[in-house]
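Residue-level listing of the chains:
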Amino acid sequence: MWAAFRLLFAAIMADRAAALLLFVSPLLYAGFYPSAYAGEVVAQAPVVVVDLDHSAASRGLIARLGGVQQARVVASLASPAEAEMWLAKDRAVAALIIPADFAAQIARGGSGSVRLAGHGAHLLRASTALAGIGVALGQTARETAREQARAQGPPALPGLALVTRPLFNTREGYGAAVFPGVAFVIVQQSLLLGLALLAATARERLGHALRLRPAQLVGIALAAACIGLVDVGWFAGMVFWLHDYPRAAAPFADVAIGALLFVSATVAASLALASLFRTRERPLQLGLAISLPLFFLSGLPWPAEATPQPLVMLAKLFPTTAGLELMIGLNQMGGRIMDYSAAALNLIMLALLYFGIALWRWRQPAR
Amino acid sequence: MTGHGFRASAARECAWLWRNPWDLALLTWLPLLLCAVLAWQLSAGVARNLPVVLVDQDGTAIGRDLAMRIEAAPGLALVARTPDMATAEQLIRARRAHAAILLPPDAARRSLAGQAPVILYVNASYSAAAATIQREAAAVIDAANARLAVERIAAIAPPGSVRAAPVRAITTIAWNTPASQEQQLVSLLHPALLHLLFMLAVVSAFGRELRDGISDGWAPDLAALAGKAMPYLAAFMLWGVVAIVWLAGVRGWAIAGSPGLLLAGWLAMYLAYLGVALLLIGATRTMSQGLSLTGIYAGASFAFAGAIFPLDQASSFARVWSGLLPFTHFARLLARTWVADAALAIAAQPLLPMLAIALITAVPGAFLYRRAAGDPSSWGRR
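In the order they appear, the protein sequences are chains A and B.
Each residue of the first sequence is one higher than the last, beginning at 1 in our numbering.
Each residue of the second sequence is one higher than the last, beginning at 1 in our numbering.
Hints are computed from structural coordinates only; laboratory data are not their basis.
Computed from a predicted model, the values in this text were never measured in an experiment.
Mixed in with the good hints there might be a few duds.
From the structure, some residues in chain A lie toward chain B, with a derived Cβ separation under 10 Å [to be verified]:
no.: 1; residue: Ala81
no.: 2; residue: Glu82
no.: 3; residue: Met85
no.: 4; residue: Ala88
no.: 5; residue: Asp90
no.: 6; residue: Leu167
no.: 7; residue: Phe168
no.: 8; residue: Asp244
no.: 9; residue: Ser275
no.: 10; residue: Arg278
no.: 11; residue: Thr279
no.: 12; residue: Leu297
no.: 13; residue: Trp302
no.: 14; residue: Ile328
no.: 15; residue: Met338
no.: 16; residue: Leu345
Residues from chain B that keep clear of chain A, each with C-beta distances beyond 10 Å, as calculated [stated by the list, open to error]:
no.: 17; residue: Glu71
no.: 18; residue: Ile92
no.: 19; residue: Gln184
no.: 20; residue: Leu193
no.: 21; residue: Ile214
no.: 22; residue: Leu291
no.: 23; residue: Pro364
For each residue, glycine too, the CB sits at the ideal point set by N, CA and C.
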C-alpha cells in the first residue's frame, strides 16, 4: 500500500504533463483567475442622460447623479434616439430620460416620471447603474416632497420601506461569490485529468490495462487524497484569505470533514474514470471542456430551483455539485456539517459508488 | 499528394476522423451534449419559486398580507413563517431558503407614520438567486404599500395628503424586455464552450501528426495545413449556426442586427483560435503540453471576456489578458449585433482584433509547425 502511495508521487514527478496538471495548475489558476474579478463590485458604470425638461428639478437630479458611486454620466444627449445609439455602441450601459413635463407634473402635485433604460446585453452593469440612478432619484424625491408639502401639506409616506441586508458575502463582491465555487471545480479537474493522464499513460506503456490489488489502489487513492487536501487547504486557507473572500466561518473540524468528504468523492470518481482511458492525451481532449457545464450545474451561478429536475438529478453524480454546496456552506456561510447532511451523504454515496467501480475496473483478473 | 494539397489533406483528415470515433466525438456529439445541457438548464431564463422565509414578529394583517403576496409572486415561494429570526437564519444556512423577510414588531403601528422598515436578508453567497429575490421582494413591498395607502392611511390621514410618490421611474431593459438571463448567458456560454472544444480538436489534430510521426507522405505546405483545419472549421461553424438557430429561432431571441455579421464573427473567432492552436503546437511540439496550454488559454475565457462582470477595475494584467483572447472581442460583437443593433462600422469593429490575432499567431505558428514537421527527430514526444 505504501509502495503504491510513493509510486504515485514518483510517477507524477517523472511526468512533466502530470506534474503540470496536479501540482502547477492549482497554483497557476489561483494567481490568475481571481484577477478578472479584482474590482469586486461594479463602480462607475457609464450612463447617458437625456434632459428634455431643462428645469431646476431635472438639473438637480442630474447633478445628484454625479455624486453616485455606481454610475458615471458620460454624456448629456439631445434625444432618446441618440441615447439608444450610445447604448448600441456599448458606450453606455444605461440611460436616464427626463421627459419635458417632469417639473410641471411635480408642481401640480403629481408624479414626475422619468424613464430608465438598461442595456439588455450587460445585465449586471445595467442593473448596478440603474440602482445608482435610483439612489439619486430617491434624494430628488425627498427634496421635491418637501417642496410639494409647502404648497399642499405633508404627503403620506409609503407604509413600509424595504431595507436589504446581504448575509455571508456581506460586501456582495462578485469574485467573492464566484471564485469560492470555481476553486473546487479546479481541484476536481486537476485531480481527474492528472490521474487519468497517468493511468492512460501506464496502460499505453504496458499494452494492456493496469491491474492493481485493492491495497495498491487504496495506497494510490490516499496519495491522491493528500494532493487534493493540500489543494483545498491552499484555496480555502491561502487564496481566499489573500483576496479577502468570506472564509473560515465554520469551526475548523467541520471544514476539515467537509474537505475530506469532497476530496474522497473526487479521488474515487477520478480513479473510476481514469480506468477508461487508453491514450495518454485523451483525458485532456475530452475532459477540459466539461469545467464550464460542471460549474453551472453546481447550482451556484444558476439556482437549482430554476434548473430542470432531470439535470438537478444528473448534477448529483458529480462531486463538484454537493462539494460546492458543502464547502461554500461551511466556509462562507458558517453552517455546521449537519446543516448539509444531504450534501454530505451525497458525497459519501459518490465516494463509495465510484470507489467500488474503481476496485472493479482495476481488479486483478481471476486466475 | 502536394499538388492538390487542400482537398486531399481535408479528405485525409475526414477519413482519419471516421476511423477514430473518440476524435470524431470532439467535433460531433461532445459539443452537442455540452451545449444542450447548458441550453436546457438556462431555458427557464428567469428563476422562479425561490424559497424565502417570512419572519413575522408583528403578527398583524400586514404579515398575513405579505405572506399572500410572497406566495403569489412568480419568483418567490414561501417555505416557512416564523417569528424567530434564528430559525430563519438556520433555514438559510441549510440552503432550505435563499432569503428571509423580517417584519419587525410594531411594524403595523409604525406603518401609520410611514416608512416602517421591512428587512430583507439575502444569501449573497449565491448571488444569482439573491438578485432575483431582491427584485421580487421590492415588487411585493410596493404592492403591499399600495394597499396600505388605500385601506389604512387614507382612513386616518387628511384628504389630499395621500399622493403618489413625487418622482417615479419607469424602467425598461433595452432589447431584453423580460430581463431574462437566458439570452445573455446562453449566447455567451455556447461560443465559450465551442471555441475551447474547437481549439482542443485542432491542437489534437496537428499535435497527433507530430506525436505519431507523419505518415502516408502528408506534406504540411500551407494548402495542406488549411485543408487539415477545414473539417474542424466546417463542423464548428455548423455548431455556431445551430447555437444561433436554437436561441434566435427556437427560443425567439431575435437577432437585432445582422445575422451575416454574426456569422462573420464566429468565423473570425475560430480563425483566431486556429492561429493560436497552430502556434502552441508548433512551439511545444508536444500534444499533451499543447492541450494543457489550451486549457489555460481558452479555459477561462468566460471570466476574462468582461461580458458579465466588467474588467474596468481589474488589474492591468487581467485587462491585457482579456484583450489577447479572441472570445472577448467576439462577446463585444455579439452584444452589438445580436442584442443591440449598432451601426455596421461599430458592430463590425471587433472583427479587426480577432483577425489580427489570427494573423499574428498563424504566421509564426505555421512556420514553427512546418519546421517541426520537417524534423523527424522532434516527433514522438509525449
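Results for each hint:
no.: 1; hint: Ala81; verdict: violated, 12 Å
no.: 2; hint: Glu82; verdict: violated, 13 Å
no.: 3; hint: Met85; verdict: holds, 8 Å
no.: 4; hint: Ala88; verdict: holds, 4 Å
no.: 5; hint: Asp90; verdict: holds, 6 Å
no.: 6; hint: Leu167; verdict: holds, 5 Å
no.: 7; hint: Phe168; verdict: holds, 4 Å
no.: 8; hint: Asp244; verdict: violated, 15 Å
no.: 9; hint: Ser275; verdict: violated, 16 Å
no.: 10; hint: Arg278; verdict: holds, 9 Å
no.: 11; hint: Thr279; verdict: holds, 8 Å
no.: 12; hint: Leu297; verdict: holds, 7 Å
no.: 13; hint: Trp302; verdict: holds, 6 Å
no.: 14; hint: Ile328; verdict: holds, 6 Å
no.: 15; hint: Met338; verdict: holds, 9 Å
no.: 16; hint: Leu345; verdict: violated, 13 Å
no.: 17; hint: Glu71; verdict: holds, 15 Å
no.: 18; hint: Ile92; verdict: violated, 6 Å
no.: 19; hint: Gln184; verdict: violated, 6 Å
no.: 20; hint: Leu193; verdict: violated, 6 Å
no.: 21; hint: Ile214; verdict: holds, 17 Å
no.: 22; hint: Leu291; verdict: violated, 4 Å
no.: 23; hint: Pro364; verdict: holds, 23 Å
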